[in-house]
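Enquirer: Sequence lines, in order, name chains V and Y. Those letters in the first sequence? Residues 1 to 507, by the UniProt record's numbering. Those letters in the second sequence? Residues 1 to 507, by the UniProt record's numbering.
There's no promise every hint is true.
Claimed, not checked - Derived coverage of chain Y by chain V (criterion: at least 3 residues anywhere in the stretch with Cβ under 8 angstroms from a Cβ of chain V; other residues may be distant): (1) 12 to 21; (2) 143 to 151; (3) 297 to 305; (4) 328 to 338; (5) 341 to 350; (6) 358 to 370.
Hints are computed from structural coordinates only; laboratory data are not their basis. These figures come from a predicted structure and were not determined experimentally. Yeah, the Cβ is synthetic: ideal placement off N, Cα and C, and Gly gets one too.
Protein chains: 2
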Amino acid sequence: MTAVLDTESQPFPLVIRRLGIDSHQEPVVYLRRNSHICRAEGFATASRVQVSSEQHSIIASLHIIDSNILSPGEIGLSESAYTGLKTDEGHIVHVCHPSPIHSLSALRHKVYGHTLDDQQMSDIIDDIVAGHYSDVHLATFITACAGDNLNQQEIISLTRAMLEAGDRLDWQKEMVVDKHCVGGLPGNRTTPIVVSIVTACGAIMPKTSSRAITSPAGTADTMSTMTEVELEPDVLKQVVNQEGGCLAWGGSVHLSPADDILIKAERELDLDSEGQMVASVLSKKIAAGSSHVLIDIPVGPTAKVRSQEAADLLSQLLITTGQALGLTVEVICTDGSQPVGRGIGPALEARDIIRVLKNQPDAPEDLRHRALVLAGHILEMAGIAEEKQGFALAEKTLMTGRAWQKFYNICQVQGGFREPAVASYQYTWHSPVSGTIAEIDNRNLAKLAKLAGAPEDLSAGVTLEVKLKQAIRAGDPLLEIHAESPGALNYAVEFLNSRTEIIKIQS
Amino acid sequence: MTAVLDTESQPFPLVIRRLGIDSHQEPVVYLRRNSHICRAEGFATASRVQVSSEQHSIIASLHIIDSNILSPGEIGLSESAYTGLKTDEGHIVHVCHPSPIHSLSALRHKVYGHTLDDQQMSDIIDDIVAGHYSDVHLATFITACAGDNLNQQEIISLTRAMLEAGDRLDWQKEMVVDKHCVGGLPGNRTTPIVVSIVTACGAIMPKTSSRAITSPAGTADTMSTMTEVELEPDVLKQVVNQEGGCLAWGGSVHLSPADDILIKAERELDLDSEGQMVASVLSKKIAAGSSHVLIDIPVGPTAKVRSQEAADLLSQLLITTGQALGLTVEVICTDGSQPVGRGIGPALEARDIIRVLKNQPDAPEDLRHRALVLAGHILEMAGIAEEKQGFALAEKTLMTGRAWQKFYNICQVQGGFREPAVASYQYTWHSPVSGTIAEIDNRNLAKLAKLAGAPEDLSAGVTLEVKLKQAIRAGDPLLEIHAESPGALNYAVEFLNSRTEIIKIQS
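So here's chain V without its partners, still in its complex pose:
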């Protein structure tokens, strides 16, 4: 028998049932095993299906239901599937096999060690943004691009593809400045201070930041403890037009949306690749309408960048890639040997920022000094300060309270300033011996803060009570763990007990 096929008809309308299952980023849909559609379409479990409402269409993972959670004729949706379809419970959708994902052959090409061209890279990024990639495909792409698997030309292709897959802002100004820190240094939260200083001096700095990738806090996480950061494009523009700057999350304005998807997957893998880092940073900056960017690379034995050679290589990639896409990039290498400020975690870092901006006596001097150096550099880059006069102008702006006033105003326009929250559970680690602080392990300190719940739990993290070379006595506090639940606190304390070399004391 030869079957009569009619691709136009959609014979199995399904009624949406919102199951209230939070499956995180990856959308999941649920169908009864014995449903007509499963039999007719030959859906195997865990296969991917395309679900279409009148207006929207998503690709989702399929879980098969053997119980009575669903009634006949219903399709269950996880929260991310429900959000993606932009429809309501009780409405009708249709399900079919998704078209083959064409960019997977390019992905396999990369996995087998070949070089991707502009078109292949852009096909992959377009499929990622369209939601065609499963978590497993994303992991494969990230892994295939990790280490030094991308050459300079591929990094340019990736940056351009990520840029073109999203919106671009245009500020109608010749000089729009920005800064970025490649991370790896816990507590290095200079951005809100720098933005406040340079915009108070008249620079245009529409700062959009990312959430944490593998660190306990990103600038967007920290800012979200003090104001709204998920701004609609119109609001963002209004804030910048009014204040000269903003401190927003980049993802909500659809700038380089591929970056946000890749970052979430990288977080689960705790992987960070050089090429993707460059593409991520620069695509966001160009999309945000910047003309000049200062990039801060902290260098230290346990920082993300561990040697001056690695820093030089990364600088070169950043500058060359920027050039190819019309962006002026300057790089500054800073001391990455120990954490900056006291707090590690969104709210704890926010507290340090407020102390600096308000010129409080307990403001961390290292954070203050780094912010002034960066702000001074940007003021010179923007032609607002003469050469070598930037630091002095930045310091004056901070000391007179104009920086705090500007920060407060930006927060107010973004949705209102609020004090960062305080965690309910603390554990203090006291030094068992007297001596001098010899080493601080940034990587394991960051891990400790994450085990305590940062960045998802905004008030969780670690406060470091000592600095390198500081003399201490037995019983002095070394650090404090903050958590929002006893379970998370317990988890972090157990880790600390197994890694007491996290702070080395020379007695």
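Using the hints, position chain Y against chain V.
Expert: Same frame as chain V, now just chain Y:
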């Protein structure tokens, strides 16, 4: 405040609720967002949790429930989570944060392009077998090992690690033979014929096969259409002791269990790496107790191995790795320019096998000839036939019906012989022109069979009605698609219509 921590107590017993959700390989558990445990432990959605019953413990993905699917105090389990915990509905389990997965640092090491030693490889494989890796971690491992990313020493380490992570069979015989085809050639299902011939001649050939990785059928899939292939170790031994051979699935006897997990993940990615292929093949052979293995590498422009150089390289890897682990490997390169037999898909290939074994007039001559060559080679390797006399002995064994009788007996002892099923939906592709068959694209033909539902749908696939260089007339059938549902048939027909160059005709 400093929290009082008690790691001994498990304050939140949870009652198991089997939700009847089939989440495929990866276990998923469900908890209410407002449950005490979620608040106390600070579980974020999509994080991984450890679930422990009295006897067993698994690591699972956590989905958070916002609706009333669960009652307070309940934990929902997907089917794979339920199976893994080996307990019953209504019983009590406890949930906690899993210990950090130590081998992830070795995995990252590999991702960044470094070499893994024995210990690191074995840590990774042990974690995989223990179920500690999520699908995303598995994808990362597979990708990091793909292409030529593993050196010879790493391939030996991986093979040894996979071998040691499972059971080993010991047949108490000096000479135990086996064969393997590296695949890539649709329909090349010689194994059941070869096993029947050589065991009929007195060789010991306890054949365990894998299911399909990226092809439309593996030998285990094909055999499962005719008899039981999931045999308990005791049954397997009994079959071999009685008949001298078996035709079983390797996974059910816990030989190289890592291989079965990796194969499932590779299937989703449609990735196959040389190093992993070598480790997969040889770890299974050694674990199955083989002393001598013949490996068939089909070479052709659209086969898995495309050139003689690639075949030579792979041969060398197989021989050297085998040597390091005490296994004698011989390699035979065969013609891989076109599919073997008529059927592509489990049941369709089974039909070809039966025709050959029964000496039926419509038996595919190419399949018959290949099987005789391989069987002859093994008979010589085992010292049963003199040099160059193997083929003649194999042919005699087939022609006299002793091979069919042996095959039937093996099936009967494994659980009974049955005829393979027939699919309900067919579509015949007729040639639009007259001419000669110039090219057949193995890769896209395999893809077509998979889109029709193979290997999950056992009777689905493709039957090829023509061979290379055959003369045909307009209207002659070129191939037939078989499917178990109209949806799957439709999907395959759409693909065929977009790839009519799958069979090229010179007119």
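Enquirer: Please count how many residues of the stretch 328 to 338 of chain Y have a CB within 8 angstroms of a CB from chain V and say whether that reaches 3.
Expert: Result for this restraint: violated, n = 0.
Enquirer: Given that the stretch 143 to 151 of chain Y was listed as covered by chain V, double-check it with a C-beta distance under 8 angstroms for 3 or more residues.
Expert: holds (count 6)
Enquirer: Given as covered by chain V, does the stretch 341 to 350 of chain Y meet the bar of three residues or more with CB within less than 8 angstroms?
Expert: Coverage by chain V is violated for the stretch 341 to 350 of chain Y (0 residues, Cβ < 8 angstroms).
Enquirer: With a cut-off of 8 angstroms between beta carbons, are at least three residues of the stretch 297 to 305 of chain Y near chain V?
Expert: violated (count 0)
Enquirer: Verify the coverage statement for the stretch 12 to 21 of chain Y against chain V, using a C-beta to C-beta distance below 8 angstroms and requiring 3 or more qualifying residues.
Expert: holds (count 4)
Enquirer: The stretch 358 to 370 of chain Y covered by chain V? Criterion: 3 or more residues, Cβ-Cβ distance below 8 angstroms.
Expert: Violated, because only 0 residues of the stretch 358 to 370 of chain Y bring their Cβ atoms closer than 8 angstroms to Cβ atoms of chain V.
In summary, the structure is inconsistent with hints 3, 4, 5, 6 from the numbered list given earlier, while agreeing with the others.
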